[in-house]
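Enquirer: Take the given structure of chain P and dock chain E to it, following the hints.
Chains as they are written, first to last, in this note's numbering: chain P, 1 to 312; chain E, 1 to 312.
Treat each hint with caution, since some may be false.
No distinction is drawn between identical chains; accordingly, a pair holds when it is met within one copy or between any pair of copies.
As the list claims (entries may be wrong) - No farther apart than 25 Å at their CA atoms in a straight line, the calculated lysine to any residue pairs in the SDA-like style are these:
1. K38 <-> R160
2. K63 <-> R280
3. K148 <-> D169
4. K291 <-> L21
5. K63 <-> R30
6. K63 <-> K116
7. K121 <-> P105
8. K121 <-> R184
9. K148 <-> F193
10. K38 <-> D169
Source of the hints: derived by calculation from the structure; they are not laboratory data.
Residue strings, one per chain:
2 protein chains.
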Amino acid sequence: MMPLQISCQIQSDSLSIIMNLESYLSEKCRVIDAALEKYLPPEDRFPDVIYRAMRYGVLNGGKRIRPVLTLAACEAVGGDPEIALPTACAIEFIHSFSLIHDDLPTLDNDDFRRGKPTSHKVFGEAIAILAGDALLAFAFEVVTGRTKDVPAEVVLDVTRRIASAAGTDGMVVGQVVDMISEGRTVEPETLEFMHRHKTGTLIEASVVCGGLLGGATGEQLEALGLYGKKAGLAFQIADDILDIEGEQAKMGKTAGSDLRRKKATYPSLHGLEKSRELARRAAAEAIDALKGFDERADPLRALARFIIEREA
Amino acid sequence: MMPLQISCQIQSDSLSIIMNLESYLSEKCRVIDAALEKYLPPEDRFPDVIYRAMRYGVLNGGKRIRPVLTLAACEAVGGDPEIALPTACAIEFIHSFSLIHDDLPTLDNDDFRRGKPTSHKVFGEAIAILAGDALLAFAFEVVTGRTKDVPAEVVLDVTRRIASAAGTDGMVVGQVVDMISEGRTVEPETLEFMHRHKTGTLIEASVVCGGLLGGATGEQLEALGLYGKKAGLAFQIADDILDIEGEQAKMGKTAGSDLRRKKATYPSLHGLEKSRELARRAAAEAIDALKGFDERADPLRALARFIIEREA
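Next up, chain P with everything else stripped away, as it sits in the complex:
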């Protein structure tokens, strides 16, 4: 975890709360990292290279934004976050799988991520492909096999939503559009479609699944879905801005790589200032979606601000 210097002041209906997001995040990350480590197969099993590659792709100091959102959404509706931990980890496994495959030479061809060589640079392309495959399958093993004290119908619903967000209604489709758009001028609608699928659907699923596991009502689920949609959009715009502004040391990958590859991004389409405004608006709309929730949703509110204020 990178140290955070943020204390967010949040307006929530009638009450104003100073919340120390830093300690919330570091506590949740500690719990999530411990669970990821516990769930992953040990690397002293034969054939160890695949287990080492799986662990390398996951246990890498990631920000864990998606699993934190899952736990925070579960808490926001009064659920025990412990119940949502396997799902939170499954979503992080899926996120890790997507990074490993996206970094491959034939896709984004990135050599570094978070300051470390990417999977295919360490293990070779074949093992990187297989480690991604293994993490995707493993995510479903964890969510279906490890979730306790929740009706099986709910776990099934959660599993289906995660599968949909990972595949044909989400991430994979977003990556395809990203790829076929490279070097072309794209319409704002295409950019939005790409971002919504590549990042938005899994972030939305992270939030909604946390709510489902916490026993959310239909109305709460709808609000969480809207929060997730807007937070996901804010996240992607902020990511595009960071790619331009970030320095290699902070991002751990070559900053400006989107620009270098002539990828469609919010700043390239709307300019930097307008993009910052769009990110702020999306975060505000995310927070607004939670107006029916009490103070137990404050971590979600703080996370929406963190998403656009983070530096990496």
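Expert: Showing chain E alone in chain P's frame:
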């Protein structure tokens, strides 16, 4: 489907049955192919290339052995095979995903499969990788979202077993061992480990999940598990033999490609005659595992023989 000239005479405890496997297989394949076609996203959706690649990888005249086993196992315990259809298709999607990724240049580097250019030859490597990913995720969407009239606990158990067979306890691990063994002399135990993981676990899961969905008792499940293990072994040995004996026209991929790449196979380790004997023995043991089942298990018995007698 290739036409089959087999009518199997099967000894089943006290009764001897002539069963027309050909008509059974073609009927089941018709049902499975129609369901695969129905479940797959249409290819006129944006971005169409990924949906075309998914369909290309699945709707290709495959033998559908795994999904047929699922339906046959469901029937063997008196279940309605209709109930097992989404699971059967999910398993075929996972099988198709594995073929697309295994054929990639950085893995097995195969240009042809079933007489047609492989996915990466048609769509390029990036789309082939993403189409495989999409099919793997989609399998879980189908099994969790399409299965009806079965307790949610059973669907969860089925999903977990499929995930485990696809990933860290199955296929991916088998492919890793296959890869790291290439060009080396391997011990018989390593060859067995590789085959059990690469092919065996998913075939076993196909059978066991069919039984679970059909309402099998614990005893029946155990017998089906043993049948699946032995049938999976027979299948892989037969595949190794076919790779040597097959002609390119029949196999649709370059026959002898395992040999060319100095891959560890049953014939390379045990010779052709011993391998044939091992395949026959495994099929006989599979049939023997079903001795507590009545004539509703005859398709499973016939399939065990078909697995070692097929010509492609």
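Enquirer: Hints first: check each against the structure and report whether it holds.
Expert: Against the structure, the hints come out as follows:
no.	hint	verdict
1	K38 <-> R160	both (24 Å within a copy, 18 Å between copies)
2	K63 <-> R280	within (20 Å within a copy, 54 Å between copies)
3	K148 <-> D169	between (27 Å within a copy, 22 Å between copies)
4	K291 <-> L21	within (19 Å within a copy, 63 Å between copies)
5	K63 <-> R30	within (11 Å within a copy, 48 Å between copies)
6	K63 <-> K116	within (15 Å within a copy, 44 Å between copies)
7	K121 <-> P105	both (10 Å within a copy, 17 Å between copies)
8	K121 <-> R184	between (28 Å within a copy, 24 Å between copies)
9	K148 <-> F193	neither (35 Å within a copy, 32 Å between copies)
10	K38 <-> D169	between (30 Å within a copy, 17 Å between copies)
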